[in-house]
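*Asks:* As a plain string of letters, each chain reads:
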Amino acid sequence: MKKKLWLIVSLMLLVSLVLTACGGSSSNNTSSNTGNDTVAQPTTAPAATTAPASTTSITIWADDTRAPILAELATAFEAAYNVRLVVEQVADIRDQFVIAAPAGEGPDILLGAHDWLGQLVASGLLEPIDLGDKADDFTEVSLLGFTYAGELYGMPYATENMAFFYNTSMVPTPPQTWDEVVAIGTALQEAGTVTYGLALTGTTYDAFPLQTAFGGYVFGRDANGNYNPNDIGIDSPGMIAAGDWISEQIASGFLSNNVDWDTAHTLFETGQVPFLMAGPWALDRIRTSGVPYAITNFPTATQPGQPFAGVQGFMVNALSKNVLLAEAFLTEFVATEDVMVKLYQSGNRPSAFKSVLEATADADLAAFGEAGENAVLMPAIPEMGAVWASWGDGFTLIIQGQQTASEALTVAANQIRDLVAGALAGMVNVPGSWQAASGACPGDWSPDCEGSALTLGDDGLYTGTFTLPAGDYEAKVALDGSWAINYGVDGKQDGDNYQFSLTADGSVTFTYDPATYLLEITVE
Amino acid sequence: MRQVKPQVGGEEAERFTLGFITRILVTIVLDAAAIWFVSRLITNEDYVLAAALSIVAIIISIIMLRHKAYPLRWMSIGIFFMFMFSIYPILFTVYVAFTNFGDGHLLDKDQAITQIRRVRYVPEGGTSFTWTAFRALDGDQNEFGEYALWLKDREGVGYLALPGQPLQRLGPGEGLAGEFDRNGIPLEIAGYERLNAITLAASGADAELREIVFGSDTDGVQIASAQTASQNKARYLYDPAADTFTDQQTGDIYTAVDGTYVTADGLKRLTPGFQSFVGLDNFRRFFQSPALRGPLLRIILWNFAFAFLSVVTTFALGLTIAYIYNDPAFPGKKIIQSFLIIPYTIPSLITILIWRGLMNPEVGIINVTLRNLIGSAPDWFNNATWAKVAILLVNLWLGYPYFMLICSGALQAIPKDIYQAAEVDGANAWQRFQKITLPLLLVAVGPLLVASFTFNFNNFNLIFLFIQGGPPIAGATTRAGHTDILISYVYNLAFAGGRGFDYGLASAVTILIFFIVATITLFQFRFTKMWEEVSENV
Amino acid sequence: MSNFIPPKETGFRALRNIRRSQSQQKRLSIIIRWIIALFLMFFAVFPVIWIVSASFNPADTLATQRLIPRNAGLDNYRELLSSPVFPYLKWVGNSIKISGITTLLSLSITTLAAYAFSRFRFTGRVNLLKAILLIQVFPTLLAIVAVFLMISQIGDVIPRLGLNSHAGLIMVYLGGAMGVNIWLMKGFFDTIPREIDESAMVDGATHWQIFTLLLLPLMRPILIVIGILSFIGTYGDFILARVLLKSTEQYTVMVGLQIFTSGQFSQRWGQFTAGALIAALPIMIVYLALQDKIVGGLTQGSVKG
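First to last, the sequence lines map onto chains A, B and C.
Take the first sequence: its position 212, counting from 1, is numbered 212 in the working numbering, and each next residue is one higher.
Take the second sequence: its position 332, counting from 1, is numbered 856 in the working numbering, and each next residue is one higher.
Take the third sequence: its position 33, counting from 1, is numbered 1095 in the working numbering, and each next residue is one higher.
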């Protein structure tokens, strides 16, 4: 019995080994072989069934709405250039891409939103795209969205932003200010027409046009107009004012404190609220509901409300073996009116392609475009990752009435600052060429070396004294253990290095004043 | 405990014949396959996997050949898969905990160097052109190389660029150029066929094309993108001996520090960074991070309570059902069990979301009904206590069928005669359950309770899908919610917060969590009788 | 007549009364148990009713779902089953294939190992058992990355076992075969008296014969339970599958279903719920088919032993 078993097992193993060995060696010659199974199926890419497999192929990762449109291009593309086009539907494109690309298993092209850039570019996963003359075909804001650190990293196809919806059967003329919104809404409430004056959807993204109307912002901008991760505006006066406004309106019963996305939309669709802030993604369901609506710009409080703007586009994998091909495919084959129209039709988003946008007859999308004219591009810097969760929590606490806006937002902003600054938040350091010589640090110019950190005294000044051998040295002030915030001579951010020298071995004392950003160096 | 059963030994000694020979043969074949596979892995430079596979192959060979390892032969296949797909990932996690693997450091060093070397710049006086490619009809036999470019500068002036030859400014019909199209590009060039960007890119390897210099040493042009070719140069020059990059434009020198090339004063850095060892940095960062100042203790306590209560409730309900409907004569038993298994058959991905809808405080059917019946309803999402109750309730719904299945199988294993004996002794139903059923059941199911505890301890999906850890804890120094458990808290820290994905930090904390859970697991065994079962029984 | 009744007779009647009251008691207990069952069934099925109703709802909304949706119809099912973009039935087929093969293989691995743990005494036995459990305890937050890299590297050598292959995925699933189920199974082997195999051994049976001919039939109920658990576990996984499978044709049903919920604002709840119900069918069928075999297998066997 047992002998038999071993015999059988060994035979099976032998056979399977022979099989796998053959499979291995034969397929090793053509490394792109694995793709064959994928493409031979008519559902994803009908091309391969009609023509013999060609040697080169482009793989695209797209979501379920865009994948079919791109898959339709495969036949034409293969016929014209003998290049196969493999379109794969992927659910979490970014998360999967981050794992697959470094292993050399990523797609050549991926579809995504502009706010992925910070993360993907920092990791070296995206190839800059040169649109050449074609750049003129795209709207300025969409190209701006895909520009990161001065380079264009994507070819946009759509933009999206929220707009202000109102029920035309109850509200004849759109309100211009939030005060008018409250006045109209309250009147309707008192008349018994509606349950609430307004329903929020609970996410900070959706409430942003309200917050900006009061002057709130997420990140400040530096002189070059780039977002500055160290200027966090979550607890700015504008944000707090907006939070206070929300608390008041909830207390007075004007605002619902149920902030479920689905619920808010349903309330509007069933005529229980006259106003709604919503995105183009909700258009289909609002249209189906049959509620009479119109779309307009966001009301003003202290300034006009600005929604976030998002841009969607194609990006090229920097580790792809077909970077040029992928770029050429995008600029020659996708950046055409034909394809852009199809992409536009599938998504209910204003096109990023000028000619398609101009030809857009849809009044709703035109209204979205108008409401988004002053939109704020969603920050693409990696630090944005730290913002969403804390900001959202603070916002929830305000709506629940557990904390005042100023309490909740201060806590949220501090959580974000902690995360952005990392473990060394609050550290004041004087990195320079002296660090190693003093024995306090293993190397020079290290802002994260705890050995050279200054300590806070009762007088509000940071000081530290170190012994040094004779010589000429340079130093600078750096905060939070990184170079992100650093002050040079005259307290200037990114300014020149401080110089100091010791004629004989002695000690040096650094005194930093956080009020003036000035560093005083005393040599003894 | 040490000795192999004598029968086994005798048996083995006798079978020096066919069984033994086939076993040797199998081992040889397996090892041959392993050696082939490992050698291929080494050619592909996948050294770590090659090493892992070699170790597993050696272990399997020992198991196959050593007489004393006979019992392990029964599980050799299982051990193989366990090593490859359970232990290897764990070792990988441990490795990652000591590196800076994460956003900004996803690539390995070679990949990062390649990327940085690809950065080009156009030096002063250099020109950019749009290009159109032509291929020699005689292919790579052509004396100037396979490809030629037609370049057009900003003013629209056209040049023919051949590798090694100075650029030739040509008008329509001049030199090799034929008539121009309306974009100012010759329709044909003698001896060449015109290509478009896609055909060109598809015809050869990308990297090669970019390396070709079209033109002479002084005016050479290289393809920079699908649109542009320019008199560009590599921006950063790599010195492999010193492992430094030199910026050709500014002269800055970059050296590798902790996975990033930085200038000496640390102010400028090149992207991307690469994976590198950072020692205990991740652990240090966790212990210094605001996370520890956050409501960590609260989260740990809730985590224990959640895991414990989940196990107790699901097991209690599952066992009760299995027990009271165990009687084969019970009418409708099959129908009942088929209905009760339903929660297990529908993917939890959807049922969790459905429960979310049902429990919506405002419009969910549960609260609407409750309000109609008793006038008030709990706020499942915003009240910390009710949120916890809601999670336990949903988890009970999700989890009891598992124990129902296990227990109904396990109850069959308890010999009927034991019950009969007890019945004779006059024990009532409860006593029988308590004295006979439960202890016997626990022997079989005990490890599953422990496993269920650990599973729930890390039940990220439920917490995340149902309520994202909310409602938020007011005033917390680090973002945390009342229903957050350790793993979801860590997830927020390492993936959703900070500067993108931080696999290194996540791994480090994962290891810490493992130590916590492993300690509990081993502890639980001491309080149950299971170890004794393992070491002494039968 | 009553005079004639001897004391014995009284005892007999008493006994009959007891019997009657016992049967009454039994009926009462059945009724009580049925009431409990009805309550539990309501608890179990209630959310599922909602899923069913959502699957007939043409509007993609979950929170405000009514029991009987407006304009209820089969549109979601029709769209799901006829869409050329989503080869839904093929996904279900893939899932059944993958889960079926995984279940059979991991059952054999588990059973063989559990037999060895139960019947042999060898060095490191207890430690190995502990290790098996501790391995399960390790949080798998990062295992995905490791597994992806490994399968990608294996695929460079043997593409059939690499990314986007079902074989590769099955291999990864088998990595969990040496898991907690070994404990469960070993516990059951332990409950089978050793005398059974010892006497067989005296008769000259080998371990393999004892294992296959004597013990396996006795283990049928728990084999089936573990089989079902393993099938459901594999069937429901989408985390590993979605990372390893890339082309639509190769997807399992869970990976496919996930597509419907992935859009942040474009969740297609209708198709998602319809798909989930279709996906649940194979599991229901497997369970219903095997339900009888769970109960009553071992009882007969052990009496014989």
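Incorrect hints may have been included.
25 angstroms max Cα-Cα, derived SDA-like pairs, lysine to any residue [unchecked claim]:
#, chain 1, residue 1, chain 2, residue 2
1, B, LYS912, A, ASP262
2, C, LYS1192, B, LYS912
3, C, LYS1192, B, ILE1035
Bear in mind the hints are in silico, worked out from the structure with no lab data behind them.
*Asks:* Are the hints correct? Go through all of them and say.
*Replies:* Here is what the structure says about each hint:
1. About 23 angstroms separates the Cα atoms of LYS912(B) and ASP262(A), which keeps this hinted pair within 25 angstroms; it holds.
2. The hinted pair formed by LYS1192(C) and LYS912(B) fails the criterion: a straight-line CA distance of about 32 angstroms is larger than 25 angstroms.
3. As the CA atoms of LYS1192(C) and ILE1035(B) are separated by approximately 18 angstroms, the hinted pair is consistent with the 25 angstroms bound.
Hint 2 from the list above is the single one not met by this structure.
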